[in-house]
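Q: One-letter residues, chain by chain:
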Amino acid sequence: MKRKAAALGVIALLLIGGTRYRPLSPEAALGRGIFFDASLSASGRLSCATCHSPAHAYGPPNGRAVQLGGPGLDRQGLRAVPSLRYVLNRTPVWSKTYIANPAERILEGDEPPTGGFGWDGRFNTLHDQAAFPLLAPNEMANAGISGIAAKLQRAPYAAAFRQVFGARVFDDPTVAFAKARLALERFELEDPSFHPYTSKYDAYLDGQTKLSTQELRGLALFDDPKRGNCATCHTDRKGVDGSHPLFTDYQFEVLAVPRNPEIAANQAPGSYDLGLCGPLRTDQAGEKKYCGMFKTPSLRNVAIRGAFFHNGRFHTLKDALRFYVQRDTDPRLWYPVSASGAVETFDDLPPSLRANADVIDQPLTHHQGEAPVWSDADIDDVIAFLRTLTDRDAEAASPALGVDPPAR
Amino acid sequence: MQKICRPLCAMLLAAASALLPNFATPAGAAAVPTLPDIKHVFVIVLENKSYADTFGTSTQDPYLQKTLVPMGGLLTQYYGTGHVSLDNYISMISGQAPTPDTTNDCLPGLTGSIGNYNDVAKTGVTDDGFHQVIATGGCIYPSTTKTVADLLTESGYSWRGYMEDMGNDPAREGATCGHPLIGIGTDITNTAEAPSAEVPLGDAYATRHNPFMYFHSIINHPSCTVNVVNLNQLTTDLARIRTTPNFVFITPNLCDDGHDGKGTGAPGTLCANGQPGGLTSADAFLQRVVPQILASPAYKKDGLLIITFDESNYTESVTVNPSSGQETVDIIFSGAVCCNQKPGPNLAGVRPGTINLLNTPSLVENIVDNGYGGDQIGAVLLSKYIRPGKQSSIPYNHYSMLRTIEDLFGLRHLGYSADNISAGYFPGNFALDKNVFK
Numbered sequence: 145m146k147r148k149a150a151a152l153g154v155i156a157l158l159l160i161g162g163t164r165y166r167p168l169s170p171e172a173a174l175g176r177g178i179f180f181d182a183s184l185s186a187s188g189r190l191s192c193a194t195c196h197s198p199a200h201a202y203g204p205p206n207g208r209a210v211q212l213g214g215p216g217l218d219r220q221g222l223r224a225v226p227s228l229r230y231v232l233n234r235t236p237v238w239s240k241t242y243i244a245n246p247a248e249r250i251l252e253g254d255e256p257p258t259g260g261f262g263w264d265g266r267f268n269t270l271h272d273q274a275a276f277p278l279l280a281p282n283e284m285a286n287a288g289i290s291g292i293a294a295k296l297q298r299a300p301y302a303a304a305f306r307q308v309f310g311a312r313v314f315d316d317p318t319v320a321f322a323k324a325r326l327a328l329e330r331f332e333l334e335d336p337s338f339h340p341y342t343s344k345y346d347a348y349l350d351g352q353t354k355l356s357t358q359e360l361r362g363l364a365l366f367d368d369p370k371r372g373n374c375a376t377c378h379t380d381r382k383g384v385d386g387s388h389p390l391f392t393d394y395q396f397e398v399l400a401v402p403r404n405p406e407i408a409a410n411q412a413p414g415s416y417d418l419g420l421c422g423p424l425r426t427d428q429a430g431e432k433k434y435c436g437m438f439k440t441p442s443l444r445n446v447a448i449r450g451a452f453f454h455n456g457r458f459h460t461l462k463d464a465l466r467f468y469v470q471r472d473t474d475p476r477l478w479y480p481v482s483a484s485g486a487v488e489t490f491d492d493l494p495p496s497l498r499a500n501a502d503v504i505d506q507p508l509t510h511h512q513g514e515a516p517v518w519s520d521a522d523i524d525d526v527i528a529f530l531r532t533l534t535d536r537d538a539e540a541a542s543p544a545l546g547v548d549p550p551a552r
Numbered sequence: 022m023q024k025i026c027r028p029l030c031a032m033l034l035a036a037a038s039a040l041l042p043n044f045a046t047p048a049g050a051a052a053v054p055t056l057p058d059i060k061h062v063f064v065i066v067l068e069n070k071s072y073a074d075t076f077g078t079s080t081q082d083p084y085l086q087k088t089l090v091p092m093g094g095l096l097t098q099y100y101g102t103g104h105v106s107l108d109n110y111i112s113m114i115s116g117q118a119p120t121p122d123t124t125n126d127c128l129p130g131l132t133g134s135i136g137n138y139n140d141v142a143k144t145g146v147t148d149d150g151f152h153q154v155i156a157t158g159g160c161i162y163p164s165t166t167k168t169v170a171d172l173l174t175e176s177g178y179s180w181r182g183y184m185e186d187m188g189n190d191p192a193r194e195g196a197t198c199g200h201p202l203i204g205i206g207t208d209i210t211n212t213a214e215a216p217s218a219e220v221p222l223g224d225a226y227a228t229r230h231n232p233f234m235y236f237h238s239i240i241n242h243p244s245c246t247v248n249v250v251n252l253n254q255l256t257t258d259l260a261r262i263r264t265t266p267n268f269v270f271i272t273p274n275l276c277d278d279g280h281d282g283k284g285t286g287a288p289g290t291l292c293a294n295g296q297p298g299g300l301t302s303a304d305a306f307l308q309r310v311v312p313q314i315l316a317s318p319a320y321k322k323d324g325l326l327i328i329t330f331d332e333s334n335y336t337e338s339v340t341v342n343p344s345s346g347q348e349t350v351d352i353i354f355s356g357a358v359c360c361n362q363k364p365g366p367n368l369a370g371v372r373p374g375t376i377n378l379l380n381t382p383s384l385v386e387n388i389v390d391n392g393y394g395g396d397q398i399g400a401v402l403l404s405k406y407i408r409p410g411k412q413s414s415i416p417y418n419h420y421s422m423l424r425t426i427e428d429l430f431g432l433r434h435l436g437y438s439a440d441n442i443s444a445g446y447f448p449g450n451f452a453l454d455k456n457v458f459k
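Which chain is which? The protein sequence lines are S and Z, in order. The numbers in this note's numbering rise by one with no breaks, and the one at position 42 of the first sequence is 186. The numbers in this note's numbering rise by one with no breaks, and the one at position 81 of the second sequence is 102.
You may find that some hints are simply not true.
With a straight-line cut-off of 30 Å between C-alpha atoms, the simulated DSS-like cross-links for lysine-lysine are [stated by the list, open to error]:
1) Lys143/Z <-> Lys405/Z
2) Lys405/Z <-> Lys322/Z
3) Lys455/Z <-> Lys60/Z
4) Lys459/Z <-> Lys382/S
5) Lys143/Z <-> Lys321/Z
6) Lys87/Z <-> Lys411/Z
7) Lys370/S <-> Lys143/Z
8) Lys87/Z <-> Lys432/S
9) Lys433/S <-> Lys283/Z
Where chain S lies over chain Z, by a calculated footprint (3+ residues, C-beta under 8 Å) [as the list claims (entries may be wrong)]:
10) 206-217
11) 292-300
12) 399-409
No lab work stands behind these hints, which were simulated from the structure alone. Computed from a prediction, not measured in an experiment: that's the story for all the values here. The beta-carbon is built from N, C-alpha and C at its ideal position, and this holds for glycine as well.
All chains should be modelled from the sequences, with the hints used to inform the complete structure.
A: Following this line, the structure appears as structure tokens:
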């Protein structure tokens with residue numbers, strides 16, 4: 145049916161889950177096959193979908209801080225696996241707007257860097273991004289492009305690959321590799337499973353259900369600019385066209401999440417993952433003010449995750465939220481304390497760069513000994529709200545990770 | 022600047038006693054200036070550049086300086102009416118002076134108590150003949166506050182605002198009459214959006230540079246969706262006289278108006294869409310759009326094109342406390358006015374004033390407004406009625422532009438575009454200025 149529609153040039157619409165979607169393009173349909181193909185990894189057991197599990201809103205299927213890859217599936221990745229849901233179509237290319245007038249620059253906010261794919265925004269397109277996991281030694285671990293092309297040529301969808309991209313597409317491994325990445329990109333952009341909008345909050349926005357008293361309390365705390373201030377970055381309002389919010393503004397932020405001892409690379413003293421300024425990303429290495437910056441993720445389906453922040457330092461939403469509101473009021477809870485009792489705050493930044501940590505935006509403006517902006521009961525309310533962001537098809541994933549789905 | 026204006030204002034008053042607009046009259050010209058028969062006015066507003074840069078030292082705008090200025094008339098003493106952006110745009114179409122919020126782009130938590138895209142909190146109207154809205158704050162004027170657009174419509178003239186990028190991202194703003202939802206938090210159009218798969222061109226429309234969106238008389242009316250449109254519509258509209266509005270107001274996006282970007286193209290100084298911005302992008306925009314206007318039948322018949330800026334640039338002062346090492350950065354606006362401009366009823370304690378934005382042991386950041394004006398920006402006029410390559414040093418500001426447009430279409434005077442000769446106030450009408458007009 146899809147091929148026929150494409151051949152006829154007909155833009156047919158499919159009705160899926162009450163929403164009208166265009167059929168996948170031939171490239172996207174091929175990309176689906178590639179996305180789920182574990183034979184494209186050195187281990188033969190790792191596909192894109194292994195870490196970006198469709199049953200888990202295209203996020204990780206377990207609570208590991210980072211996922212395992214490599215030929216023996218025994219090498220740690222460097223960063224927590226993000227969900228691919230919702231954000232892919234709308235992630236802007238990486239940019240840092242320069243506002244010429246310093247008064248407006250200050251008044252309107254010296255725009256932080258924004259966008260790009262990955263925690264450090266180093267890929268402007270999905271087809272660029274797709275090369276990284278295929279070639280990374282601690283992910284799918286292919287030795288080179290030729291090997292990937294050879295695997296594509298042996299894949300069950302090889303004939304379809306030739307049909308879509310030409311009979312001689314495998315003549316040049318570079319071309320085959322580029323086309324495979326293009327197909328992946330089309331699948332990720334076109335497939336409706338990446339943006340189902342079936343959460344309780346979506347139904348609430350459409351007036352089809354009501355939030356509970358606790359969920360509404362949580363939403364108010366989430367929105368309050370003088371307390372949680374979450375919605376400033378994790379945008380939660382409808383667009384002017386009625387489009388539903390994606391809970392991210394794609395901007396970069398230095399939260400100074402504590403160093404995670406679960407990541408083996410962190411055993412090496414002096415080794416830091418500084419996000420935007422490196423080491424994975426290299427083009428902004430000279431911008432020291434960017435060190436420690438990671439991109440704001442969407443909070444949709446956050447309640448089914450078992451690893452939070454770029455390094456997966458926390459494994460429960462409660463801890464993640466407590467860190468936000470108690471980072472500064474009680475730093476001993478989060479950072480190492482020396483024998484002398486000194487707290488090494490912002491310990492996952494080199495000492496010379498710890499001033500980069502955000503101490504300007506609520507709730508990160510407080511000081512040791514002050515009361516946190518949220519009580520434990522408040523945090524429970526916010527968690528109740530965040531659970532309303534879980535898509536219907538991902539609710540089944542919640543119990544496996546020890547969390548309850550939202551009350552419908 | 023007050024010192025510069027004072028003798029000119031005295032001259033204006035003397036001439037006004039003879040019921041004549043009192044502009045400089047070149048030797049041999051007619052003694053009684055008459056308005057040119059202009060019935061199509063095109064306005065392009067660029068952003069945040071000082072006269073000395075735009076028409077002097079900058080090398081980024083050769084088309085404006087070396088092509089358009091020789092083709093047109095240059096108003097060297099044209100002033101913005103405030104800092105920062107929004108209050109200037111509002112003054113251009115309504116004659117209203119700022120509220121404590123519009124004077125700072127309706128950014129919350131600065132000098133206004135309301136901010137964002139919210140209604141003006143009106144407490145009254147001045148009875149001094151200028152009908153200034155007295156307000157504690159807020160940004161969107163009630164339906165009773167009229168604009169030149171309203172007056173044009175009432176008089177049977179057409180108008181349109183052409184906004185580059187408006188509606189590129191329909192989640193941010195509509196493609197027509199685009200503005201944030203009233204009363205719903207932060208105005209996200211304050212920030213340019215870079216291109217994405219869903220929004221391939223990005224979206225650098227800024228509501229605060231679209232003055233029509235701040236008047237309920239416009240946004241509440243169904244015709245708003247017809248009259249405030251994306252710039253893409255301009256080419257079609259220019260094709261015929263009957264499709265070209267009498268009043269055309271053009272706002273480029275945040276990059277093409279020079280607001281964003283440094284203009285050098287150097288990494289780290291670009292716009293969100295990757296363009297160089299600054300006067301470089303503004304000049305490229307003019308090269309793209311101005312020839313279309315100049316070639317249009319309406320312009321050729323009876324057109325006037327006005328190219329100006331909203332406000333001037335700044336100066337910066339950095340001092341370091343030798344004992345503490347604390348650095349203080351002051352971004353300073355002179356806030357100079359011309360034309361005996363009045364501050365309006367809402368700026369007590371706001372302008373002049375200093376806004377402290379950051380105060381840490383190592384760094385203090387202040388914005389210092391030493392006045393309530395918008396400083397010298399300049400304006401270029403193009404028309405068959407203009408004497409090419411001529412200049413005028415008579416002071417004008419955005420209220421003067423409004424008055425000029427009103428007079429050309431025979432409209433009443435709104436807000437501070439009105440005069441009060443006995444009180445020494447006359448904003449000027451540059452269409453009567455024989456230094457630049459034939």
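Q: Each hint should be assessed against the structure and marked as holding or not.
A: Do the hints match the structure? See the list:
| no. | hint | verdict |
| --- | --- | --- |
| 1 | Lys143/Z <-> Lys405/Z | violated (43 Å) |
| 2 | Lys405/Z <-> Lys322/Z | holds (8 Å) |
| 3 | Lys455/Z <-> Lys60/Z | holds (19 Å) |
| 4 | Lys459/Z <-> Lys382/S | violated (54 Å) |
| 5 | Lys143/Z <-> Lys321/Z | violated (43 Å) |
| 6 | Lys87/Z <-> Lys411/Z | holds (13 Å) |
| 7 | Lys370/S <-> Lys143/Z | holds (27 Å) |
| 8 | Lys87/Z <-> Lys432/S | violated (41 Å) |
| 9 | Lys433/S <-> Lys283/Z | holds (20 Å) |
| 10 | 206-217 | holds (count 10) |
| 11 | 292-300 | holds (count 6) |
| 12 | 399-409 | violated (count 0) |
Checked against the numbered hints given earlier, this structure breaks hints 1, 4, 5, 8, 12; the rest are met.
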